[in-house]
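Here's the letter readout for the chains.
Protein chains: 2
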Amino acid sequence: MNTPLKGACIFGQSGGPSSVINASAYGVIKTALDSEYITKVYGANHGIKGVLEDRLLVMDEEDPKELERLLYTPSSALGSCRYKIADPDVDDTDYKRILEIFQKYDVRYFFYNGGNDSMDTCNKISKYMAKVGYDCRVIGVPKTIDNDLFGTDHCPGFASAAKYIATSIMEVYRDCHVYDTGMITIIECMGRHAGWLTAAAELANLSGEGPDFVYVPEVDFDMDQFLADVTARYEQNKNCMVAVSEGIHYADGSFVSEAKTSATDGFGHAQLGGLAAHLAAVVKEKTGAKVRGIELSLLQRCAAHCASGTDIQESFASGKAAVEAALAGETDKMVGFVCTRENGYHCETKLFELSKVANFEQKLPLEWINDAHNGVTKEFVDYCLPLIQGETPMVKENGLPRFCHLKKVFA
Amino acid sequence: MNTPLKGACIFGQSGGPSSVINASAYGVIKTALDSEYITKVYGANHGIKGVLEDRLLVMDEEDPKELERLLYTPSSALGSCRYKIADPDVDDTDYKRILEIFQKYDVRYFFYNGGNDSMDTCNKISKYMAKVGYDCRVIGVPKTIDNDLFGTDHCPGFASAAKYIATSIMEVYRDCHVYDTGMITIIECMGRHAGWLTAAAELANLSGEGPDFVYVPEVDFDMDQFLADVTARYEQNKNCMVAVSEGIHYADGSFVSEAKTSATDGFGHAQLGGLAAHLAAVVKEKTGAKVRGIELSLLQRCAAHCASGTDIQESFASGKAAVEAALAGETDKMVGFVCTRENGYHCETKLFELSKVANFEQKLPLEWINDAHNGVTKEFVDYCLPLIQGETPMVKENGLPRFCHLKKVFA
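Respectively, the protein sequence lines represent chains A and B. Heads up, the first sequence is in UniProt numbering, so the first residue is 1 and it goes up one at a time. Heads up, the second sequence is in UniProt numbering, so the first residue is 1 and it goes up one at a time.
Simulated from the structure, these hints should not be mistaken for lab results. Be aware that one or more of the hints could be misleading.
Copies of the same chain look alike in the list, so a pair counts if it works inside one copy or between any two.
[Stated by the list, open to error] Straight-line C-alpha distance at most 25 Å; calculated DSS-like pairs for lysine-lysine: (1) K378 x K356; (2) K407 x K238; (3) K356 x K286; (4) K131 x K408; (5) K40 x K356; (6) K127 x K378; (7) K363 x K290; (8) K84 x K290; (9) K127 x K408; (10) K238 x K84; (11) K40 x K127; (12) K65 x K396; (13) K378 x K396; (14) K408 x K238; (15) K104 x K40; (16) K96 x K40; (17) K84 x K378; (18) K350 x K6.
Throw the hints in and build the complete structure from the sequences for me.
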């Protein structure tokens, strides 16, 4: 191993939040602060926009005890953005500006924490710096509750959302089975293109407190079949619980949530209440049953009080591994996980080529979806269960979470 | 104290579930099982309907270790009902049947766990048994997340819902402040007639992570003022978060959630997505901002994983006190709490006259609502904060809650 580059680092967060994105942040920041080669640790305020606008937060100025609270503070503590960087061959304005900032602060390490788009950003910056001959290590740190990054066994953030979804569904199951008068419950989970999160509802069936049916966006949604499924189960049990992905779509590709007309709504305007409310209305008209639609909404991606301890540890490890890899001379890579489950769960970090990760969506394997397209198989449960083990070390004050409060000193 | 009556007891659960109603159940069941005077402990399956239909569960047959899990199992483990018993002077059919069942099983103690309607049921049964000269002790055990029972300082179930609401709002606050592009968030809490639960959102402001405004149903809702509040705060901070009660209503008494026409919906039909979705649409049209409506729905009343330790202990204590009071010869009473907060929080159980409790709704004091009618005062926070202290002793298996699974042996 060569002597590592000496210089500053920038860490940024991008895309939608998760319960554990700050655990990754802490992995990067703490490891960078501890390194003798990294001279200064900057946090980009609102991701790459913070770099472009020269809004860098000095992590060295923060209280180490406060930084530790990042382990259980949800959402992006440094602020996030959804800024899609241009193709440098078309417009290299942003890249010139990033280079200017890197030179101004002597930045030799850049760590970016996000999903597909963020890995694309990472990849482009890395390639540009190599092209112009600026010596800099660029490593991506994965984050997405959607669990759709290519290569890695799973993505930091997914497991905590999965644990929250399964826990909440078990609790709602109890609530929905309390009367003997019959009830249908439709629970909407996130996942526009991938069904991982909705599939996590199946974990609740380990104790028999989960959904009767699970509908994911990897296969086409058939409203008639859905209504037949639900009606039959309701007639049999006087109860039916369903988990649906926000991204379920008809065979023509149109989202069910955007259906402009339906049995109950012929006014030709979009319904406001989202998919769960729409399906609840359709089912109510069909069955006459008491029907409740529940949208887990933002709660599923920020419920840090119910985060997976395993997810927190692995998120931290991925941030730490990113810094260690960069110090070892690696660049243009994303940290991911390689796991085995045969003799107990074992997880290790591994580097993946950014160019292979960027902009490719990893979906739920079709063979993990049942033949009737209304459930997921035991293979998924075996895959997912180890990820949700363990609890958060969250500290509470006044009976409520005591999240990290950064001083946010600008450079 | 006279020698207690010897005989069986029936315990029943009624009305909407809560996270801790089973902690009260455990208080009753364990104390009754331990009593030398109570010969048999029956659980009514689906409340008073279980008594009327002779569906009684034998609690003596359950594994004591399993029963202990009731402390952290949400919803009504014995099943609930929403059965309004008739006035005995008009129709005494139900009462004759209840007497028949009491005689069949030699029932000398009846404990009923619920809200206003359930206390009314208790009161009527108690009066009827006295009238016909059947020696029986009838004690109500309070339960309602709505916190609207008369006399008692607070109601078992409220604090756990309050803790969940405040926790979730703190987490959503973090999520909604992650971008620098502006956002308005509207969070809908339960409480059709009383604003206690929505007021609990204010607890999140202890750490500055709570709503800008809180709207409760104790005062009339003014849509123009609401839009002015939200717009001004959004223009100032590029962000605004609001907590609203499902029961907010206009000056004419009509619920905002049932408004058939609005700025965005002139089609004259009820919107499906509930109040949060409706207000989000109105605010979006007014401001052009990114707006998200979140309905906490059933989650707030069944999220046992986030229950208040204090609430669990007090719920257990109220069930225990009910049995002890009955053994001591009391009848026609409800157990409630008397609390002091001056030198640290102190809570004791006390008996209240059922006739005074039944069918009276205890609302949020008007002096705890600010003059602008868009927030609650420090007095509410001082009242509520001690109630949400402490965590649940919930045991997990496979990283998920391990709820109580009763054998449910019928008598």
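Against the earlier hints, flag every one the structure doesn't satisfy and list their numbers going up. Hints 1, 3, 4, 5, 6, 7, 9 and 17 not satisfied by this model.
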